[in-house]
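Sequences listed follow chains A and B, in order. Take the first sequence: its letters are residues 1 to 523, numbered as in our numbering. Take the second sequence: its letters are residues 1001 to 1297, numbered as in our numbering.
Hints are supplied without guarantee of correctness; some may be wrong.
Said to hold, decoys possible - Covered by chain A, according to a simulated footprint, are these stretches of chain B (three or more residues, beta-carbon under 8 Å):
1) 1075 to 1089
2) 1207 to 1217
To be verified - Derived BS3-like pairs (lysine-lysine); straight-line CA-CA distance at most 27 Å:
3) A:Lys-74 / B:Lys-1148
4) B:Lys-1128 / A:Lys-74
5) A:Lys-452 / A:Lys-394
6) B:Lys-1267 / A:Lys-74
7) B:Lys-1076 / B:Lys-1148
8) B:Lys-1060 / B:Lys-1076
9) A:Lys-247 / A:Lys-74
10) A:Lys-74 / B:Lys-1076
11) B:Lys-1148 / B:Lys-1060
12) A:Lys-394 / A:Lys-247
The hints are simulated quantities; they were obtained by calculation from the structure and are not laboratory data. Cβ coordinates follow ideal geometry from the N, Cα and C atoms, glycine included.
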Amino acid sequence: MNRPTSLVAILLRKDLRLFWQFAALLATLIVVSQFPDLVALMGMLGSLLRAAISLGTILLILVVFQEDAVASVKHDWLTRPIPGTTQLLAKMLFVVLVIIVPTVLGGFASNLYEGRSAGESFLAALSAGTGAGILTVVAITMCLAAVTGNIRQAIIAALGAFAFFAVLAMLVDRFGTDGVPLEYSGSMWVLETGMQSLLLTAVVSVLIVQYRRRHTRAARLIVGAAVALGCSMVTLMTWPRVFAVQKALSPEPAAVSTVSVEFEQACFPARVLDAGNENLTGRAADIRPNVFGEGQREEAGVDAIAFNTRLRVHGLPEGDIVRVSGVMATWRAGGARVHRVLSGFSPQRWTMDDDRLPAVDHYWLLRRADHTSLSALSGVETQIDYSMALLSPKATAEFVADGRRAWHPGIGYCSATFDRSQGAVSVGCYKWGAQPALLTANIAGRPDIERKVAGPPDYTPAVIDFWGGRNHNVTLASQAHDTPRVIVTAWRTRAHFDRQVVTPGVLGGPASACPAPPARSNP
Amino acid sequence: MIIETENLTKRFRRHQAVHGLNLAVPEGSTCALIGSNGAGKTTTMRMLVNILAPDSGHAKVLGIDSRQLRPHDLQKIAYLSENQDLPDRLSIAQFYEYLRSLYPSWDLALERELRAQFDLPPSRLLGKLSHGMRMKTMLVGALAFRPKLLILDEPLSGLDPLVRDEVMSGLLGQAGETTILISSHELTEIESCTTHVAFMARGRLLFQESIEALVARFRDVTVRLDQGRGANGLPETWLNAQADGSLLRFVDTAYADEARLRDVVQKHCGAIVQIDSTPLSLRDISKALMRATRGEA
């Protein structure tokens, strides 16, 4: 071994000697946690196991790095002939050995146990062990350990970071993207990539500054600047900006030139959410309270008006489909925005309307008092902005739901199982590398049964989606007697585009034509 | 010079820890860096081994700027401090095994000899060692690779007399080969091996010179005068002057010989009835200087 390699080995051996009990316990827990069936069997203990692994991972990284703290003036290694970068390499290798390797090995064994091939098992385990989540936790913890002088400071910093990220997540959820739920929009990658780039830059800078120069003040300034930039990014990345990035990256923007939209009917079907629906007819009766979250219902208050909009899409290219990424409703009077509400968090429901055109339903909640004040405004109009994606099929595979797993080009490893007693077909696919924008499944030969999506879309550009994999799962209904065949389709993005629909009044027309449903308290 | 600093300065927020330090330690010497607590000795030593970066000025150690010290250079420098953080869950044997692999010049025979001399239990964890055992363990780790420069920050602090003697005998065994910079309040113990002395007060270096020159110019002087006088208006070279009637006591820091002392006393205090001057130990010199500089603060 040459000198740097042997030095890394020496330092690694020293750390393993110091922390082998802790490391062995954590590695064992990590391996166990990779067996989902086992974790499910453990019940409440399973949740505790996950929490223990998260805490244990953070704590182990902190203590291992603090054992030879770089921001200290007391630690023995500082005056030993050990290059800072070698010390860092040894610490990182320790983390890989104790945290990443058990995750990959456990995942590999678990996937093999589930009957997957060795190749798929390895790739799935590798993506679990090197996923953005685990690497982010490791990177942040290493960074905190590098800028703190002792374990007490490091733990306080870690708690501070936890509180910061909790607040940041809340801010993203509530304000960061105008309330459009990014995780279902397919555009989460815009914010994620920005944050991950910032994190990577900050962590690499901090580690270089500390382990090459030992300049703690500069390293702490970098951490502070990264936190400030992260907050700014969250504040500045509103939904229109996130979507503007997405739109700018459309591969074929001209493909949507023929696409137009309109509401299916002028007056929006509406009901009072907390009243019974015995007297309701048509689509108003379809507005179920459970399409809204509990928080939304509480916030809307008594006698809130729930209404539905159904958007027809015209001019779609043959074979293509359209998905709504985000939608916002705004009421305007005299050119100024006076009020805005968000759609319910229910999955968008696509149907074929009477003319066999694709149509999408959204459900909205409007407070009674807001409706009253909006109705009193002269010239009030409703504006609904749709951010959409046009998708076309990229790859298709058809196979029998007999439980056998096979690899399909462009789709990945797939299998389907038919549970006759439940009347359900469970389809599961795993793909490594660049993901399809959307994966759908349907029963072959049954056009009457709705095609279902396997999880939310993901419009991450292939150029940054080269590492890691993703599972796509969906359950289809089937009352067939024989084992059905399943068609799985991977879709690619052609274009991201927006469309706006403006109607007079508050509920699709003037109050005289489209009145609000009467309040229960004022029949 | 094996250590040479020029206007070395370090500030911690509002506290000026070291101010314009110009220190020179000759190769092969044993230099005692003395001064009261907070004088800046530890900060100076930490700057010398690049644990701390100076705000201004620079230090050369083994002819290399301390900021540029590389692992290769640290194979020739040993640093030992009373509050050093060690890998506490390693045993003594494991600690030496780890250190051995870091230093190509590690002398296994010397390690064994010192371990036997200090009676260090190999299986005892570092975290379970008494303060004295810990210091002896660190000293073996500092000596066994035969460094060119040994920097010791309070190595005798908190040790009982027996352990102090053991540590000093271990040190003395190496003094010939290694340049030693040592800070300590246990001046009686280190005096025998000290060749040079540097005195710091409030971040500044007041003087540095050979111990012979220092001991030669310091005298504890007691004078019985013909007539009593106060302690005001006396030469600046007289420290801690105390007048009690016709009796005057002070520490002379510029002693040359008895005749010159008598002349100077007569010039400032008048007729002398009796004058006694006795040489001072390093410990007493240090006490006198600390008392004097504390008075200035």
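Evaluated hints:
Coverage of a stretch by a chain is defined here by at least three residues with a beta carbon nearer than 8 Å to that chain's beta carbons; for the stretch 1075 to 1089 of chain B and chain A the count is 11, and the condition holds. Counting residues of the stretch 1207 to 1217 of chain B whose beta carbon lies closer than 8 Å to any beta carbon of chain A gives 0, which falls short of the minimum of three for the stated coverage. Of the pairs offered as hints, the one joining A:Lys-74 and B:Lys-1148 holds, with about 22 Å between alpha carbons and a cut-off of 27 Å not exceeded. For the hint pairing B:Lys-1128 with A:Lys-74, the CA-to-CA distance comes to about 19 Å; that is within 27 Å, so the pair holds.
Straight-line distance between C-alpha atoms of A:Lys-452 and A:Lys-394 comes to about 16 Å, which keeps the hinted pair within the 27 Å bound. Note on B:Lys-1267 and A:Lys-74: the hinted pairing is violated, with a Cα-Cα distance of about 53 Å set against a maximum of 27 Å. Proposed proximity of B:Lys-1076 and B:Lys-1148 is supported: the alpha carbons are some 5 Å apart, at most 27 Å. Only pairs whose Cα atoms come within 27 Å are accepted, and B:Lys-1060 paired with B:Lys-1076 is accepted, the gap being roughly 14 Å.
The hinted pair formed by A:Lys-247 and A:Lys-74 fails the criterion: a straight-line CA distance of about 54 Å is larger than 27 Å. About 19 Å separates the Cα atoms of A:Lys-74 and B:Lys-1076, which keeps this hinted pair within 27 Å; it holds. A hinted pair counts as satisfied when its Cα atoms are at most 27 Å apart, and B:Lys-1148 with B:Lys-1060 qualifies at roughly 14 Å. With a CA separation close to 20 Å, the supplied pair A:Lys-394 and A:Lys-247 stays within the 27 Å bound.
In summary, the numbered hints that this structure violates are 2, 6, 9.
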